[in-house]
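Number of protein chains: 4
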Amino acid sequence: MIIILKPQAGKADADEILARIESVGLKPLYMPGVERTVLGALGDERLLGRLHLQNHPAVERVDQILAPYKAVSREMHPTDSVVQIGSMRVGGPEIVVVGGPCAVESREAFGKTAAAVKAAGAHGLRGGAFKPRTSPYSFQGLGLEGLEILRDTGRELGLPVITEVVELGDVAAVEAHADAFQVGARNMQNFRLLTALGQAGKPVILKRGMAASVEDLLMAAEYIVSEGNRNVIFCERGIRTFEKGTRNTLDLSAVCQLKRLSHLPVVVDPSHGTGVREYVAPMAFAAIACGADGLLIEVHHEPKEALSDGAQSLYPDQFAALLEKLPAFAAATGRRMADPA
Amino acid sequence: MIIILKPQAGKADADEILARIESVGLKPLYMPGVERTVLGALGDERLLGRLHLQNHPAVERVDQILAPYKAVSREMHPTDSVVQIGSMRVGGPEIVVVGGPCAVESREAFGKTAAAVKAAGAHGLRGGAFKPRTSPYSFQGLGLEGLEILRDTGRELGLPVITEVVELGDVAAVEAHADAFQVGARNMQNFRLLTALGQAGKPVILKRGMAASVEDLLMAAEYIVSEGNRNVIFCERGIRTFEKGTRNTLDLSAVCQLKRLSHLPVVVDPSHGTGVREYVAPMAFAAIACGADGLLIEVHHEPKEALSDGAQSLYPDQFAALLEKLPAFAAATGRRMADPA
Amino acid sequence: MIIILKPQAGKADADEILARIESVGLKPLYMPGVERTVLGALGDERLLGRLHLQNHPAVERVDQILAPYKAVSREMHPTDSVVQIGSMRVGGPEIVVVGGPCAVESREAFGKTAAAVKAAGAHGLRGGAFKPRTSPYSFQGLGLEGLEILRDTGRELGLPVITEVVELGDVAAVEAHADAFQVGARNMQNFRLLTALGQAGKPVILKRGMAASVEDLLMAAEYIVSEGNRNVIFCERGIRTFEKGTRNTLDLSAVCQLKRLSHLPVVVDPSHGTGVREYVAPMAFAAIACGADGLLIEVHHEPKEALSDGAQSLYPDQFAALLEKLPAFAAATGRRMADPA
Amino acid sequence: MIIILKPQAGKADADEILARIESVGLKPLYMPGVERTVLGALGDERLLGRLHLQNHPAVERVDQILAPYKAVSREMHPTDSVVQIGSMRVGGPEIVVVGGPCAVESREAFGKTAAAVKAAGAHGLRGGAFKPRTSPYSFQGLGLEGLEILRDTGRELGLPVITEVVELGDVAAVEAHADAFQVGARNMQNFRLLTALGQAGKPVILKRGMAASVEDLLMAAEYIVSEGNRNVIFCERGIRTFEKGTRNTLDLSAVCQLKRLSHLPVVVDPSHGTGVREYVAPMAFAAIACGADGLLIEVHHEPKEALSDGAQSLYPDQFAALLEKLPAFAAATGRRMADPA
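Residue numbers (numbering that gives the first Met the number 0), protein chains in the order written: chain V, 0 to 340; chain D, 0 to 340; chain W, 0 to 340; chain P, 0 to 340.
Don't take every hint at face value.
Covered, in the sense of this in silico footprint (three residues per stretch, anywhere, with C-beta under 8 Å from a C-beta of chain V), are these stretches of chain W [claimed, not checked]: (1) 238-249; (2) 324-335.
List of simulated lysine-lysine pairs, DSS-like, C-alpha gap at most 30 Å [to be verified]: (3) P:K324 x P:K303; (4) D:K303 x D:K117; (5) W:K26 x D:K5; (6) V:K111 x V:K303; (7) D:K201 x D:K111; (8) W:K243 x W:K324; (9) W:K10 x W:K117; (10) W:K69 x P:K5; (11) W:K303 x W:K243; (12) D:K303 x D:K324; (13) W:K111 x W:K303; (14) W:K243 x P:K5; (15) V:K69 x W:K243; (16) W:K69 x V:K324; (17) W:K243 x P:K243; (18) V:K69 x D:K303; (19) W:K69 x D:K5; (20) W:K5 x P:K69; (21) D:K26 x D:K69; (22) V:K26 x D:K303; (23) W:K10 x W:K26; (24) V:K243 x D:K303; (25) V:K201 x V:K117; (26) V:K243 x P:K303; (27) D:K117 x D:K243; (28) P:K303 x P:K111; (29) P:K117 x P:K243; (30) W:K69 x V:K243; (31) D:K69 x V:K5; (32) V:K10 x D:K26; (33) V:K5 x P:K111; (34) D:K5 x V:K324; (35) D:K111 x V:K5; (36) P:K26 x P:K69.
Don't read these hints as lab results, they were simulated from the structure. The beta-carbon is built from N, C-alpha and C at its ideal position, and this holds for glycine as well.
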């Protein structure tokens, strides 16, 4: 850790801070300069967190040398982790696709979409039972009934199922019905929920928050992994920027960052990432091209009737066409598509 | 609602959509143009939400005419609402200040800061018992013990107390100990929590999310108010932008927007808004100058020792100096400071 | 154009505005609603620009139906335009790559990099003679001498050359030496420069500004094309967001937007887009995968010695490896790489 | 300067870099750690710029200790600078207001607005002769004729005049007609223009770019001051964010940052900063409250007829009301309004 003092800081300030660094067992360094005094602390700087040196009135700035995350870091675990969701392996040489509607709307409607997802050759099935909606007047999901429909449909088709958990009190129910939890963008920093998922027994797909940096996302995963659940998959789904021609700005370079900084798998959701049906396929291809391990794609058997996010949902034939084109992109990166479930 | 069709859309598409508009009891309008056909729907367009016209493949864009919120809107309730938190009235002609540390760290430490807050003439006391922290390795708050310290200290000093609630399961405990709930930026779109608070009996200070537009914030309040709890106070605390010289970018024009669009009170948190101790006072003055009804300010009896957010906490004498200068700004806007508690 | 009046607007306001709409030859529409009156204007709404209806105190909002650009729009010109830069065709079925250093630093250094660019099979050569630098104390480019080195080196190697023009007064000199102008992100809205380039005889590669929406970029191109120069190529190079793990946030969905909204070619610059050498190749693959027509890549024969942007420059062997992998991605999109120059 | 090496960097990399640090006369520091090696360079780190250490493949990150600007820095010049524009002093204890229309539209129209500006008690007059407009089909300004109208009107009324310069070739003409140059947001990083203004003889009001950090703005001013023109005034006018309820997001904490980091005066433009007439006055009050030295306000004698930016222009009576209220805010900050011109 590098501590830069304010111009007016004196020797006494420096001595006080150096003594505090030494008190936690780190090696202090004193570097007086012409315009600024710089202090250093060598050793595991995570120990320094409890000194809160940035609070000191003589301190201008504290620069961390080491990343604040550890368990999710590639430095601690240089080889790629593979996360197993039912029959689907995420993070290995094979690329996977999870499809399904934004929300489970009814047993019949979900069955139609799920059958189309299966027929197209996808590897997993998604559908929301608990929907976080901007407006209290919008459809909020079927809740427990939705979980049951999801579970039954997945079993019938032999597809692992993934669904969003929005609340601590629902963790047990979701775990009982789904093969993996999804944490939505709005809950990426719901730390109580993350802690509970760290103690749960199913994998977690962790979506990046709309205002979350890649480092914030890594720290959110650290909450889960540090509690014991190593089966975390990152999901890039777009950040909020000034650009309004797309619903969000899909930050594919986050895939590159995450693969470099962490050993955990990364999937991309181009449906929420763009919000525009026509852009889903090209951005899905781009995601695979830059190294993503898989895709989450919204599909609806009749988008015109969808109760949420219909404008970004693919028609079944568009989804099938997307899956037909993916093998060439996977091959171009030296990988291959997983076999259909 | 205005529905703009794609250039290739035909008369049959228009007719289908017009029939759907009519089916919910609204008056359809057909406006063929040279390059585009435009459709309209006159009446309460909130009824149209369930038609999901934006999902239709012939639709290019849907523009709303009316705001999607109703209960919080100034059009529905033209006069300012006043929210009472214990002895403190927020939103009337008098301006209030709530001070306190980021977190309740111990009975003794909190007591020292609280005494200084009271001595400076503040109107309310804040302190976190449940802390959402980016890192799992940071101090997470004292939990229930923190709530008790907060309640006892407030009673002793005669100050109403406000604390953050981060989880549905804590709503009852927080309601039992505090005079108002605070919803933090990371939970602004935790819709299950908002719904629960809409059914609770204490006021809610709702902080703007880091990536939330003013409209998103209004919709989040709509969740609470539409459940029956009309006592909501907005809090501007900065949004996330590319600028890194401050922790967040405090968007004071949001105060102007909120006062114009809603009848609910607005307070500002310049501590989180800037993250820099030296900028707290000038931005507090600016907040009052542009029409805020009150301030949330972080104070710590010894910021050097603070377990969280010390770099943005005022020293007690800085907080006292701030309160001394506020009456002149309040007067310049034609208002006055509330009497000390 | 749709004009939404304020709630308090009266019939007289509506009549006044309707009369103004009629005065420019458009068909006015009056749509009184329960909570708002909405007015419409059918016809070429670009005529309405001069009415400045958004300035009227009774107007709450004006929504455009048609895009504000025309000459660059795909609606006006449904087939893809191809722009020829020397021997290189951009926008057809073949994908092209332009490589070179950020700046021309000396004849010898540029020659080494250019030879490596040629040897790797690239189609064009880039290098800056006039460098816009954030600091006045940084290397500002060789100016005219740099243009001569660029021209000579390109001729020797048989590669078309592209260089940035930063100032109206340099347009003639750049046109005399280079095969295409590049307009940098900081000049995307230098409208006097754009107008001059619209009257020049060489193609223009127009980079997106750091805070420019896709619509702003389209409007900037409209400046050039409306003056008569139809040979414009868009370049996505990243926008400024809160994410700091990359220099900019490369917005690849802008490629999808631009290809849908305009007939002009689109290239991507993953070097400035990420600022990190390790991310250049995967983001280049992603750019091709989502439909870009070409790439601008920074290469330096010895990045350690580069006077600018070395941290994002590829080593010659990295550039060669990138070009070897591109044909598979081009093929996956149904295209092919252009033959080497 | 602190140089953090990559985990895989060896002793040889460190030695090579340390030797380069020593070669420019700085004191090298070697700090091997458990997980990373850190190097330091003590002395004037601006000398290190030419080493381009961030380009080195063994370097993970370079952290600057000193700010990259010098001439504009408060450390070099601890007392406030005052800039004189005709009879108006900016940056001293007295606060000034400059009013006028976005563009000079005709001699008659400008005369009406200018008379109202004068009557309200303002200290300076603004009006654009060269207008940078997003659309090539919008009014672009009167050019030289506009400059003459501006000059004549200012002289008649005894008000100093300010106008935007958008192009190197216009610097002489603007200098001949106006009392100060304005550099618009889109030209904040037009470095050739900044250099020319650094050699000119009139003060410069430098507006912050839409995507410019405060540090970028300080560096832009450094271009001007380092050429010899010390009379620079910063202008905060809003940055581009995801929030769309205002035209830009006015970042008033930038005023606090600029006043702390630099000795140069700071003014605020709440007209462009909000884009909404109703928000101009409250944000003007807030700007003064947080320490701004003055205001730029758009006024139009008949905003309904304005050829540009009418929706954010104040009516003359609104401008007069604003000026009547400012003295109380100035007094609250311990300052006073300058006497009317």
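### Query
Would the pair K5 of chain V and K111 of chain P pass a check requiring their Cα atoms to be no farther apart than 30 Å?
Violated, at about 52 Å.
### Message
K243 of chain V and K303 of chain D were given as a pair; does the straight-line alpha-carbon distance stay at or below 30 Å?
### Response
violated (43 Å)
### Query
Is K69 of chain W close enough to K5 of chain D, meaning Cα to Cα at most 30 Å?
With Cα atoms ~16 Å apart, K69 of chain W and K5 of chain D stay inside 30 Å; holds.
#### Entry: Hinted pair K324 of chain P and K303 of chain P, Cα distance within 30 Å
Holds, at roughly 25 Å.
#### Entry: Restraint status (C-alpha distance of K303 of chain D to K324 of chain D at most 30 Å)
holds (25 Å)
### Query
Keeping to a limit of 30 Å between CA atoms, is the pair of K26 of chain D and K69 of chain D held or broken?
holds (21 Å)
### Message
Please verify whether K26 of chain V and K303 of chain D have alpha carbons no more than 30 Å apart.
### Response
Status holds; Cα separation ~21 Å.
### Query
Taking 30 Å as the top limit, are the C-alpha atoms of K243 of chain W and K243 of chain P close enough?
Within the cut-off at roughly 23 Å; holds.
### Message
Would the hint linking K117 of chain P and K243 of chain P be met if the CA-CA limit is 30 Å?
### Response
violated (34 Å)
### Task
Starting from K111 of chain W, check that the Cα of K303 of chain W is at most 30 Å away, please.
holds (14 Å)
### Query
Within a Cα-Cα threshold of 30 Å, do K69 of chain W and K5 of chain P meet the stated pairing?
Not OK: K69 of chain W and K5 of chain P at ~50 Å, beyond 30 Å, violated.
#### Entry: K26 of chain W paired with K5 of chain D [C-alpha distance capped at 30 Å]
holds (21 Å)
Hints 9, 10, 16, 20, 24, 27, 29, 31, 32 and 33, counting from the list given before, are not met by this structure.
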